[in-house]
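Q: Below, each chain spelled out in residue letters.
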Amino acid sequence: MLVFKCPYCGIEADETELNPGGEAHLKRFGPGSSDEELEGYLFNRENPKGVHFERWRHVYGCGKWFHAARCTATLEVFGTYSAQTFEPPKEIIDIIKAKRPGWKWRNLS
Amino acid sequence: MRSRMMGAGVYDHGYILGYERLNDHLAADEGPRHRLWRIRAKQIITATGSIERPVSFPNNDIPGVMLASAVRDYAVKFGVATGHKIAVYTNNDDAYRTAINLNEVGVEVPVIVDARVSGGGALAERAKALGIRVENGKAISKVFGKKRVEAIRICEHKDSGKGNEKIECDCIAMSGGWSPVVHLFSHCGGKLKWDEKLALFKPDSSAKPTSHDGLPFVTAVGSANGSLLMQEVLKDAREGCLSVIEAAGGKVKKKSFKVIEQEYENSLQAIWIAPHDADIKKRSKIWLDFQNDVKINDVELAAREGFESVEHAKRYTTLGMATDQGKLSNINGLAVLSSSLGKEIPKVGTTTFRPPYTPISLGSIGGSARDELFQPVRKTPMHDWHENNSAYMEPVGQWRRPFCYPQFGETYAKAVEREINQTRSSLGLLDASTLGKLLVTGPDAGKFLDMLYTNMMSTLKIGKCRYGLMCSENGFLIDDGVVARIDEQTWLCHTTTGGADSIHAHMEEWLQTEWWDWRVYVANVTEQYAQIGVVGPNARKLLEKIGGLDVSREALGFMEWKDGKLGKYDVRIFRISFSGELSYEIAVPAKQGMAFWDELIEAGKEFQVMPYGTEALHVMRAEKGFIMIGDETDGTVIPQDLNLNWAISKKKDDYLGKRAQERSFMVNQNRWKLVGLETLDGSVLPDGAYATADGVNPNGQKSTQGRVTSSYFSPTLKRGIAMGLVMNGPERDGEIIEFPKIDGTVIQAKITSPVFYDPDGEKQNV
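Residue numbers (the working numbering), protein chains in the order written: chain A, 1 to 109; chain B, 1001 to 1766.
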């Protein structure tokens, strides 16, 4: 059972206090988008073996959504951060780069 | 320190389950038998020891063949001799301890059969000095006896089993070496390595399970870590524990310690099959898994049949699938498999170790979560009144709601009929408190609701109500309900009973993760109000009798709401109708709910007021063709399927689900759409029944063209009515389609409008 630190209330929350929300940093595609864009937004996920950015909600706690950077293979947690951002903050990226040399994701490396 | 406690499993991020057996060993039955401890540890030491392995020799399933350590424990710990003449069969020095112990307590040991040509070390010398016969480089080639051991025959180990010396004995103490208990180390990803010299899998200290910080958190020590000699066990335990203390942030004082004397032990020699060249007849009598009767030849067959992966071989033979889960003989089986495949043992690998280590009771897992403590029950302010007035309650999520109120020994169906007839002809009361109530407020609340609902909510005038639909981003209906505009910045959104929490969460998700700069606040006020539906032609008369707020047609029109006083109660009255009758839904603060309900019942006596339950609610809404989320919708239905295009704004650029509803299969003309269904014989269609069509589908099943989504007996129309989704339904008005029943008969039904009762809405609009 995983533990994440909720960046809002500061609590080390057990997985049972949280609801998973799937992949983070998706871009919404609404009216005017192509079928491919909509498909990507609704259905296609990166599902990596390794570093993954994901959404969690501290549902049995403060109720806030937050993001976590986690390794799906080892379950190592690189950090948690606010959900109100378009990409992972620099300090999280720095931690990942130090721990996973050569790591690349979208336009970050 | 807790005794009688087992580490059942090690999980992610240092989570351990401890299974404590509290009073299984006591005669008195007081308190809980078992307790489950949920532990979160920074560092875990597993000092779980090792388990002795059987030797694979012919007829090793005859009662009296035992592990040498078990024979020794019986003798030393309990004073029990497991036989009068106990032969010892071993490939390592430890079994000599058993022989020596037995000799010391006066049990005869006729022979020690040692597979090693070089024999044992210091212990062997002691055994010989005690006068015990020792045979080196030998094997047991046969066991005599049926229900118990009577004698053995021994032969050269490097042989096929010829040899004819027969030795009488009534018990065999065997030792095939030791397997470290690596389960807790392996549960969470710890890797094992093969120790060729000791012939065992042991924890790989460079590949321990890792925790949230990427660092190791489980350390095996002692014989669980593959150290079999006492001297090594102590050294390894000391080093392991010191490293764990440091890893957990503790300080370690380096003190010297004394190394104990260890008498010389000769190394073990792996014997996976004995005698070495046993023929097929003998191999078919050599058991590996004693519980599941898996023999050497079974594993060899698995390899020949192509079940080469250890996981496949396990499932093909059931090796290791008994209650011991392979703890005794999995390694023996693996060795046979690897030799059949001509591979090395580490290349074949082990099966996966999964928690729990041994079974734990379901009671310890479930704990107190049973009966009334299984789940909290949510009660409306009028809950006790319902229970005291013969209500038959049904669970609706965590709520309990009256299904109906049977009286005078009548059936539920008759009660529902009576409630409907009385409501339609005079006056009914409904406890609607469970309805979800979400207050949405803020400068951007209108913009927000325009995105959430398919309708335009920002233009709703203060004092008005509007029926709204909510869809997921995938386009499918997820909820519906009446929205009331409270003030310039505030809307009150009614959701379905089951949707209150999920729609609240849905709103929070969009506000927190997508439109976090929008100034909107959502509060779930469901339980703050008692809500009562006052329904029927005499509804207005009842409210006027109580007095207060003007509820006339002119002052409070259909789809309007008002705050004020009714009698001494603080009310918010919504003039909305889910039954088709003149209807007021009245919210009062929760603490006033019971008194207000009592007053309505008392004042309503002159109109023969009748409380009605959820079933009457369902039938009346179906008579009016109103949809119900979860009946007419099932996660694959879009508003357009339900002819609800009028509730989808054409003026909005965007709302959740709009883009998805433009996809080709969503705008396909052949979608199944909502219709009413009238059975020709007046009977009630089975709920969920399918309408068949000509031809068959690719699976050879009869083609279908629709299904029943709601079906009831209508007391108002005195026959069965139903709603359903039918291909091109609304264009096929009057057509007759067929619904086969499970009993083989067929019901014919005519496609109609889903509005069976008062199609022009004259009754609700008076």
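What the hints contain is simulated information worked out from the structure, not anything from laboratory work. Just so it is clear, the structure is predicted and the values come from calculations on it, not from any experiment. There's no promise every hint is true.
Here are the simulated DSS-like cross-link-like pairs (lysine-lysine), alpha carbons at most 25 Å apart as the crow flies [stated by the list, open to error]:
no.	chain 1	residue 1	chain 2	residue 2
1	A	Lys27	B	Lys1447
2	A	Lys5	B	Lys1208
3	B	Lys1652	A	Lys27
Q: Indicate, hint by hint, whether the structure satisfies it.
A: Results for each hint:
1. Lys27/A / Lys1447/B: holds, 20 Å
2. Lys5/A / Lys1208/B: Since the Cα atoms of Lys5/A and Lys1208/B sit roughly 24 Å apart, the hinted pair holds (cutoff 25 Å).
3. Lys1652/B / Lys27/A: Holds, at roughly 21 Å.
Comparing the model with each earlier hint shows no violations; every hint is respected.
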